[in-house]
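Peer 1: The lines below spell out each chain.
Number of protein chains: 8
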Amino acid sequence: MKKFEDLGFSKVDLDREKRTGYPEVIYGEGKTADQIKKIMETLIETHGKAMVTRLSKEKAEVLLAVYPDADYHDVSRILLYGLPRDKYGGDVMVVAAGTSDLPVAEEAAITADWMGCKVNRLYDVGVAGIDRLLAYREDITKASVLIVVAGMEGALPSVIGGMVQRPVIAVPTSVGYGAHLQGLTPLLAMLTSCASGMSVVNIDNGFGAAYQAALILKLANEGVANETALS
Amino acid sequence: MKKFEDLGFSKVDLDREKRTGYPEVIYGEGKTADQIKKIMETLIETHGKAMVTRLSKEKAEVLLAVYPDADYHDVSRILLYGLPRDKYGGDVMVVAAGTSDLPVAEEAAITADWMGCKVNRLYDVGVAGIDRLLAYREDITKASVLIVVAGMEGALPSVIGGMVQRPVIAVPTSVGYGAHLQGLTPLLAMLTSCASGMSVVNIDNGFGAAYQAALILKLANEGVANETALS
Amino acid sequence: MKKFEDLGFSKVDLDREKRTGYPEVIYGEGKTADQIKKIMETLIETHGKAMVTRLSKEKAEVLLAVYPDADYHDVSRILLYGLPRDKYGGDVMVVAAGTSDLPVAEEAAITADWMGCKVNRLYDVGVAGIDRLLAYREDITKASVLIVVAGMEGALPSVIGGMVQRPVIAVPTSVGYGAHLQGLTPLLAMLTSCASGMSVVNIDNGFGAAYQAALILKLANEGVANETALS
Amino acid sequence: MKKFEDLGFSKVDLDREKRTGYPEVIYGEGKTADQIKKIMETLIETHGKAMVTRLSKEKAEVLLAVYPDADYHDVSRILLYGLPRDKYGGDVMVVAAGTSDLPVAEEAAITADWMGCKVNRLYDVGVAGIDRLLAYREDITKASVLIVVAGMEGALPSVIGGMVQRPVIAVPTSVGYGAHLQGLTPLLAMLTSCASGMSVVNIDNGFGAAYQAALILKLANEGVANETALS
Amino acid sequence: MKKFEDLGFSKVDLDREKRTGYPEVIYGEGKTADQIKKIMETLIETHGKAMVTRLSKEKAEVLLAVYPDADYHDVSRILLYGLPRDKYGGDVMVVAAGTSDLPVAEEAAITADWMGCKVNRLYDVGVAGIDRLLAYREDITKASVLIVVAGMEGALPSVIGGMVQRPVIAVPTSVGYGAHLQGLTPLLAMLTSCASGMSVVNIDNGFGAAYQAALILKLANEGVANETALS
Amino acid sequence: MKKFEDLGFSKVDLDREKRTGYPEVIYGEGKTADQIKKIMETLIETHGKAMVTRLSKEKAEVLLAVYPDADYHDVSRILLYGLPRDKYGGDVMVVAAGTSDLPVAEEAAITADWMGCKVNRLYDVGVAGIDRLLAYREDITKASVLIVVAGMEGALPSVIGGMVQRPVIAVPTSVGYGAHLQGLTPLLAMLTSCASGMSVVNIDNGFGAAYQAALILKLANEGVANETALS
Amino acid sequence: MKKFEDLGFSKVDLDREKRTGYPEVIYGEGKTADQIKKIMETLIETHGKAMVTRLSKEKAEVLLAVYPDADYHDVSRILLYGLPRDKYGGDVMVVAAGTSDLPVAEEAAITADWMGCKVNRLYDVGVAGIDRLLAYREDITKASVLIVVAGMEGALPSVIGGMVQRPVIAVPTSVGYGAHLQGLTPLLAMLTSCASGMSVVNIDNGFGAAYQAALILKLANEGVANETALS
Amino acid sequence: MKKFEDLGFSKVDLDREKRTGYPEVIYGEGKTADQIKKIMETLIETHGKAMVTRLSKEKAEVLLAVYPDADYHDVSRILLYGLPRDKYGGDVMVVAAGTSDLPVAEEAAITADWMGCKVNRLYDVGVAGIDRLLAYREDITKASVLIVVAGMEGALPSVIGGMVQRPVIAVPTSVGYGAHLQGLTPLLAMLTSCASGMSVVNIDNGFGAAYQAALILKLANEGVANETALS
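First to last, the protein sequences are chains A, B, C, D, E, F, G and H. Residue numbering for the first sequence follows the UniProt record's numbering, beginning at 1 and increasing consecutively. Residue numbering for the second sequence follows the UniProt record's numbering, beginning at 1 and increasing consecutively. Residue numbering for the third sequence follows the UniProt record's numbering, beginning at 1 and increasing consecutively. Residue numbering for the fourth sequence follows the UniProt record's numbering, beginning at 1 and increasing consecutively. Residue numbering for the fifth sequence follows the UniProt record's numbering, beginning at 1 and increasing consecutively. Residue numbering for the sixth sequence follows the UniProt record's numbering, beginning at 1 and increasing consecutively. Residue numbering for the seventh sequence follows the UniProt record's numbering, beginning at 1 and increasing consecutively. Residue numbering for the eighth sequence follows the UniProt record's numbering, beginning at 1 and increasing consecutively.
It should be emphasised that the hints constitute simulated quantities derived from the structure, not laboratory data. If you're wondering where the values come from, they're calculated on a predicted model, not measured in any experiment.
Computed footprint of chain C on chain F; a stretch qualifies when at least three of its residues, placed anywhere within it, have a C-beta under 8 Å from a C-beta of chain C:
1. 116-130
2. 151-163
3. 168-182
4. 191-201
In silico DSS-like pairs for lysine-lysine, Cα to Cα no more than 27 Å straight-line:
5. H:18 with H:3
6. B:118 with C:142
7. E:2 with H:142
8. F:142 with B:2
Every residue gets a Cβ at the ideal spot worked out from N, C-alpha and C, and that includes glycine.
Whenever a hint applies, use it, and build me the whole structure from the sequences.
Peer 2: Put into structure tokens, the structure is as follows:
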């Protein structure tokens, strides 16, 4: 099988699923509906499924006309065609600090779901009302992997990071103003967190966080090599 | 009485106590021990007391030789001469996120004490171990004013801000590295806090936070005008 | 009573008034009129009042149709329903450097008023014409708490901070251009002020400044604990 | 058992192992040898082991005099006392772009090892000589988790991220000059990587990357809940 | 011949071709169609050709009505009138990391072509799928000069720089979001590349890269002075 | 006369006095005492005088051994040899906000004096004690040109700018910490001043401010062309 | 006479002309046409003239209906009513680097003219074609004061600063893209110029540069005090 | 032949000369003298020569003891062993704006020389005395490639870029203070230059500029492919 398909404007990476576990995902911004359609064709032909992120409603309508079986998610702006290959044990908990962080949280949730993860959502539990968070403390500690989405000062992942034994992937959002610097402030804050076990992805990158969460669950489901197994 | 004393290199503001409630405080950095000594002389002559902040041990020793009754605080690097005029009701709680934030927290505590406030200290209750903080929740809610000192991502003031009815003054510290940007990150994070009722001072400015806390207690102790009193 | 109401997209913090003295305030940006309406419903049911900040005229009209008794303030973009519980003694003076800073100054003034503070306004007294400010020097020194709003270089709070015995809360605004960096310059300038007793809130955050001012007046009105009272 | 030990200058978090899987780790910078010794005492009493990061040689010598069984690692500046509780199946590969990145890479490697991970090192395979990296492609794809350490422009994690099915944790280093901005440039570059499945930790934070890697292996070794197992 | 033509609003540099090898190129942004038309007139009169960059479709239509023989390139937004004077031996390879980088890559390609260079295009070979790039390794090593265009983290030029004996001119693009800082991140990353032999131009400046590439080919075609010739 | 002297490491600009009114001034930083000595030789030979700025005490001692008639000013770190050619009417007032700004203020004062200006100094009149400044209001309005030096938030030039009819040159200093960003904050603040008639020079650039002040006095002393004289 | 008129939303500074030589100028941005109209009324009543900067065409039309004798300048977006009181000897040369810098250059030219200065314009003489500049070298050296406007890298003021004996006021513009950072790059570059005698104003602040230039000519026309006159 | 030598701490890239035309160059910073010695051994064994950049005098002395035939250049801090393979026709002109830029200029000059280029040096011709530069205009136009080194505002490359037909590689230096931001300002200024045909390398990266210059001369000396030769 050839490793990529050269469409001129794009070299579709047909080998990516074999290498990285999942087919290429189409980043919808900065591509025309027509370009996306052609890349989708190639991906669907090879993998039987395709996912487009950051897709405007306008382009989505063009694509839904071509692929009526696809699903477009308004809040997360994701278009999905086809179903996940695997359905992993364990779960990903997507936690969001505020109502305004929902588009990013949903991008994470929809992505993780499509990549085969069971997803639990816990929204609007920002640290200014810590009791809301503490009310869910037991649920939080049971999650296999946690994606914590927060704008403003981005304090939520630090608090959660200190509560759990599981990896926390922090996602800063562009929700805020002034000294928030379009999300740079929570990004930097999360990177200097006093909690261990946390890592961070780009501002508003719910997709990236979910992708890594899915790779972690994939590893946990496939198990690690016998010869070095836990004694 | 003249409003200031002109020492050539400095115009000592003798009128400041009348205007702002407290005499001029000497910022020790960038001044020679000799310059500080001369300003102290003028202040002590007028007010009977003097305070020097950010004073190195070396300069402190020179000044202690001149003023053996003065006290030099190693951790906060403050030199004090004389006692506060007032002793306010109510108290200031100084909360610090980590052990490394102590110099700044102590600068706040020593300053507030010298300005007439009762000070309670609560140190090393950073958000990565939230139960330490929650163990003191009742004490926290009883404080009249809270100064919350934190380096790293600076999340502590947001959590405390959501727990209390009293003003919270947040102090970012230069404790951290990399994306912490010498304290700029917690500074910006605190400014974009999701908690209301918080304000922020400069990085490592424990003095400034305590100064405002003392003004608040001063107001609370002097009481507000009768004609508009609480019904 | 339950501590929060879970609306799915939001967990309304019903316990906040008990904890922090005031009910949750709705940040209007990034929420749909419908989401705001549902949160208002919950808040009004519990507290009999609600406040929405940063609300566009369009959304305000939708909400005013539902709550005809609510008031929408054009300049400050605040919607208010219901009246303050308390009416505090003392007053908050809102000082603005220039005419263009009015929307932020009004956000502060309307907020403080609704939280139970008597508000005095002193507008357009920027430092380039210092005599305008000096003409009001006596009024300034009589205020219980001062909120000082300034764009451009943000020098006004420093000048006022050196004149008064009361806490000054500085609010930088996004009024300016070029090196002003959308308000970052006055924000940083205010943080490095040579005046003591000042603290700072986020760019354009009139609401946050007023919130803290109200907490200060609340403390001053409730008085401080007897056992440590001023001798 | 009590949740923390209050040493005055520090509240040692004795409950952390139960909550997060590992005991508190001592951040050596900004603490005196004496403070570290006291925290170590408390930790060893409770957990039988202790780890100190970012420890200078001078302080290490003081501590080694007290704990002759401890090991101090020169390059990574880590002091270890006691052994890991678990020995996980699977492995962590630590990849470093250049020779100058070794201190950070070793901090990651020593940390992961102490936390119970088998560690493989692959050093000096920066992208300017891509064939060095390609020579190890098979090894790279076999790792369970990858920590990729790079200074300069920080391109290595992107290249590796496109080769593997496993989570990649990227660590920018402060190795570089000029436009490198003390590591801010590779940090930002890694955050905007075109590869999926990557997350990022703070500049020079080898410890944090290893900590998350160990949590991932821990999850993979403990397995995920049965009821949702992979079909 | 006069060195420049003074149009009032512009002093058209008629001497530039003699000095720098090519006539003045019109930067289309911030000029009206009418201003551009007048400058084109002057340039065509003197040089028989003209090039306009960053030209909107609207202004292009106005100019095409005046110069029906001109060509407007939609993707690169360049308008060309007349043909290159020279046709150089050797070639310029324009490499682009992703589909969204095409407008900048095309600006480079069209410019180089018009300046007399043979251009080869290699698009969508970003480092996240390194095998696509490696598939073209031989072609890459044969190019005389390489222009490498990349957004996101900007890693591609470093990888190519380590593969070739020829000068690499790196062009960061504004394609990305969040920590990408409108292209500042790949710009800084390219400047701190671990590969030698690379230089960098401004964000999205495909024109500038091509201009320098053409000067390099021009030198290679004209040859270097005999007296110091390669022995 | 030749326009410059080529010393190999330096091309001393002998023509500068004719062009710009003053001989080249030697910037002492980053040059060896020996290099400075050679440039001084050339300048003294041509102009009979020389000025060196930012000169360390160590290098000054070497040069004073060679030129015993030169004067070295400790605070401003300037070395002077020879006297000004002109002695202008009018005066330059150098105003400094705080005691720590003295080195920069003195650099300005010494420079202006050497360039032929009468200099008046007004130090330590920062805005936190506005009455000190107001006490000198009449003197301030009489100055021909004002150089206003301030660190911290840099508010002083704005206040003075609103008081006078004469040009104000603002000099930000590196005196401050944290959000002060080594002087970047007052620099940006001064650039966005609400006062008109102000311009700004680089951080700590007392020399540059004085240089421009001297050019202004020079113009005022030489008078403006008759044919357009003030009616 | 009262020092200011209190319009509620504005305190018009009637005393400014007496203090600073010119009446208050209205900054048009962020004010409604109605607010501007009212301030104009007050200013015209007192001074017989008024100037509005940064005024949109829409607002200008409203004002021109009220004041048909006013002049609106399209390019500079300035509205003028009334004539300058003085007509100074000497002249201001406004130099612009490129065609796109014209709006800022014209803001300077119109302002200087209205303030009583004779203005000479020299446009499109950027350093990439140095011969255009050199062709006007003699004119440049004859100007009394120079305002040099440049976007891009902002190199022009440095070149001119090295050619003249007169003060140079540099104005960076927002013309550029990418690394130009909306004008921050030429602003910083101008501040670190290797030429002496230059000062800088805010990005696009042609008004501010002209204002200072006029104050300089005013001083030169009024002459300096006799007792210290040039011998 | 094997492609690299694995020394454990380093994988020496033995294949680099074949790929990129030159052997690996050792970056001396952050490596011990012993590590450098071992890499030198490997390189000398394979290529018969080695170059070390950014080497301190201390480490150089250690290496000179081992390799007495090596040359250490004090100003540029480069150590050379062995001679260039080729001696190219054409020449590289290294132009420096000021005396303080010499270390960077010399790094470029020594590097280019060692890579086989004839080097001409033109130092201290900064734009504040443009006549010095113009005096060498003819020499400048004759150079095959130009490396232009400048600190402060970095204006020199723009002026030269507008004078020549040859590629200009601009090198910003860290010479400056305040708004110079350790070289970031001239770096950004050079990137936004109004001159075409320029590209830029990292701050103080004289080596990188020379490396690319040598690749350009190499191409010009080897000539371009026949089939597309200049007609």
